[in-house]
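Participant: Letter by letter, the chains look like this.
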Amino acid sequence: MIMETPVNPTSSSFVTVRGLKKRFGDYTALNSISLEVAEGTTLALLGPSGCGKTTMLRCLAGLETAEEGYIEIAGKVVYDSSKNINLMPEERELGIVFQSYAVWPHMTVGENVGFPLKVRKVAKAEQQERVRRILDVVGLGAWYDRPATQLSGGQQQRVALARALVHEPRLVLFDEALSNLDAQLREQMRMELKVLQDRLGFTAVYVTHDQSEAFALADRIIVMNRGHIDTQGLPREVFDNPRTPFVAQFLGLNVQEGKIIRTAGAPPFALASQRRADQWAEVALPGGTAVWGRIGHDGPMAAGSKALVCIRKEHVQVEAPRAAAAGSAPAQQAFPAQIRAASFLGLSEEYIIDLAGIELRSIQPSAGVHSGDGVKVRLPPEECIVLPAGAGTASPH
Amino acid sequence: MMRMAGGTVVTKPLDAPAGTVPGHERRRSSRALQVGLPAFGVLAGIVLVAGPFLATLIRSLLYWSPDGASVAVSLQNFTALLSDPRFHEAALNTLICGVGATIFSTLLGLSLAWVVSRTDLPGRSWFEIGNMIPFFLSPYVGAEAWSYLASPNSGILQKASLDYFGVSLQFVNIFSLGGVIWVLSLFYTPYVYLLVISPLRRMDAALEDAARVHGASFWYTVRHITIPLLMPALLSGATVVFVTSAGLFDVPFALAATRGIRTVPTEIFSSVQYPADFGRAASFGMLVMLITVALTLWQRHYMAGRRYETVTGKGYRPRVLQLTRSGRIAALALETFYIGCGVVLPIVALVMVSLSSIWTGRFRPAMATMSNYKYVLFEYDLTRIAIVNSLVLAVAGATIGVGLSILQSYYLNRSRSKARGLIEAVLTMPLGIPGIILGLGFLILALRTPLYSTLAIILIAYVAHFFPLAIRTISAMFMAINPELEQSARASGATWGQTMRYVLLPLLKPALIAAWLMLFVIFVRELGSTILLYAQGTETISVALVALGERNFGYVAALAVIQLLVLLSAFALFKATRASIGQE
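Protein sequence lines, in the order shown, are assigned to chains R and P.
Under my numbering, the residues of the first sequence are numbered 105 to 501, in order.
Under my numbering, the residues of the second sequence are numbered 109 to 692, in order.
Looking at chain R on its own, in the form it has when it is part of the complex:
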């Protein structure tokens, strides 16, 4: 669709949100949110339920009205509290896919998908042609005349997707769009969505609580927590370097509180894999274990202050004592520990480990150890991330 409004020259991004505030009674759903989305990219809003991500999406769509702030989509100001601008949802030229699909049960597949064209008074013949084309794209070409109620969940999802794309909107919003599908179908749709976006080049905002979905689909990720933006960045950045305790916990890392013993430019031993980090710290954990890790936070961290040590489950290495004895080079940062529980996950095995009174979880290929066994646990220093304590946490997802 061709835009009538001239592009605002002051803004380089496609979607601009500034200072958006929204409250529901006493509850602050959005606390001064600002964000940008570049044209043709996908932004994922990630966070636990109640973090404000869905409210953010609904404010973009015009389904919810913020109290304060500014929203611009494709150069068109759609909401500006200071100038009393608030466009109705239908004036914002968007597409949306809901978790519940929201496929209208009283219409056929063709009528559902053709709806955005019908309300735009596109000529009948063109409507039909465009609907057929987009149905082919989502693989439902043969379903044009079928009642929408005969479709399976995955097919309804495709109808909803086709409906959101048929009028070539400038921005497509996805509200937990894949979470009603079963795991296998979800993977498949995720790939198809990515292919479609490359092909059609639309800009997307994708709300989800599922981190793997966000990492797979997004060019940029914003992690939200209680109405704030907690972290934003490239998927790899957010994944590799959780910068806040909240993100670390949300992504499912082991998080242990301790006290910083000292900080240094480098740990006092050679690293297995060389990785540049500006600052290192040694942290004393409860039970007397001292661990070196890299500081994953920009602010100053002084000796004596409280800190969190975060390490991904996949990086906690469990070795059976025999293997360790026979083992190769003596590894840094390995501690005697005990297996509390082991559960078989198929390709890998999850262990709950007791390390001098603290509990760690590890996921790795089976080490052949069982509940109650004494083991060696290695915490590679380059995988231990040290963050300041008390900067805001949430219950693990």
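The hints are simulated quantities; they were obtained by calculation from the structure and are not laboratory data.
Each hint should be verified, as a subset may be incorrect.
[Claimed, not checked] From the structure, some residues in chain R lie toward chain P, with a derived Cβ separation under 8 Å:
(1) Leu167
(2) Gly199
(3) Ile200
(4) His210
(5) Arg267
(6) His271
Every residue, glycine too, gets a C-beta built ideally from N, C-alpha and C.
Start from chain R and add chain P according to the hints.
Facilitator: Positioned in the frame of chain R, the structure of chain P alone reads:
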């Protein structure tokens, strides 16, 4: 056997008899109960439905020669009826009343439901209660009240508008087809309202949001998404209103029959008055039953393909429309109009008339007297007996009806019989059949039996007519109860009876209370079948109202207010139990 270190037995082998495991005998009686009780309920239901139907059918086919000497099986009754111009007049009038009432109550019910569920109108929760009240009131009393309010010469509204505004409303005449439609619409609006409000509330907001985001305006979305999604509820509401309002005896009897306007229910009534022509009445009844059943079947068939699942996923609450100033005034005016006409005005009129010793159309507070109440409560045998009879019938009928419906619902929801669908169709049949026609069936059955002119036959007719309503309420609750809850009770060693008593009935309790109160209300005000079945000594309040109507307005109004108080307390109880369910 597992032994601990000390040698104590901690678990018993599974096959050894233990004190709490039911013995063989007990298990057998449990099975007999489980099969027998629901089967009994279903059989009783079928007999109650089939009895009056077959009686009417057979009677309609029997034709006595004019001299009464010979009887033959023929269609003579039908041909006589169909060629009678009075029948055509009655059928046309009833069609007009039914269609009129259906149109108005559908429009009113939908608008009221929408205002209450989808706007931010202040005081919505109060209006929500107010909109429901007419559902619990007696249409006969409502018609009486409206005859006080809007009769050409002595109507309260006519006199008041003349006194205060100098406007003559003489042309407004409640004793007309228009008057019948008016009162029917007021009383049947809650049927549509109730059926529409829950889909309006529970509809997945995303269905409407998606339309808005994809470019549809608010009104376009209402027309193309919201209304079509409500269509199944609207259509079933309209069918229910048409079938029940057209067959209702109370309102045309009060407002049309007195002015010589013929309708189907009142014609059936006069057919069995002296000199009675049961053949004519029975063929009349058969025709109405056929139309009712056909309409109900058509509606079922239509709905079968259109059960939209509009509740899905996490679903937000539908958006509430923020009304503008003028919108708020319009919504408020609509609510005031409906509750005013359906509840406030009729009650005010009844109270005014009941407090006046002579009614002239104007209320004089200085002359207010309780003498009418004193008369109907303490001095007049007919009304005293009628009040007792009504309460006895309502309590006994509601209890028996709910008891039967529990068994039937159990059968319909828990048995694996293939006949379930058919049996459900049969059991829910009486709902649409007018009371006067069911009453006729039982009258034909009971004539020349000891049941004739007893309270028992009235009780049987009540239960037969309205137990399907209880089935509907209880079945809805049954569907929400996972059978695994009962299965775990059985697995824990409970018999079927114990499972019913400790698991199922407590879970069903809210529905049982609601169904009981609903039947109670319906039985307290029932007129259509009672008017055919009562005899001296078995009058009910509604019958007494009719009987008194010929003598004194004040007595009628006083007795009507007493009935109203009973109905309103049942409504209050209903609201109270619903509220306590909501808190759970």
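Participant: Against this structure, judge whether each hint is valid.
Facilitator: Structure-based check of each hint:
For leucine 167/R, the shortest C-beta to C-beta distance to chain P is roughly 5 Å, which falls under 8 Å, so the interface hint holds. Using the Cβ-Cβ criterion of 8 Å, the hint placing glycine 199/R at the interface with chain P is satisfied: the shortest such distance is roughly 7 Å. A hinted interface residue such as isoleucine 200/R counts as satisfied when its beta carbon comes closer than 8 Å to some beta carbon of chain P; here the least separation is about 4 Å, so the hint holds. Interface restraint check for histidine 210/R: the shortest CB-CB distance to chain P comes to about 4 Å, inside 8 Å, so the restraint holds.
Here the hint on arginine 267/R is kept, as its CB sits about 7 Å from the closest CB of chain P, short of 8 Å. Of the supplied interface hints, the one on histidine 271/R holds, with its beta-carbon coming within about 7 Å of a beta-carbon of chain P, less than 8 Å.
In terms of the numbered hints stated before, the structure departs from none.
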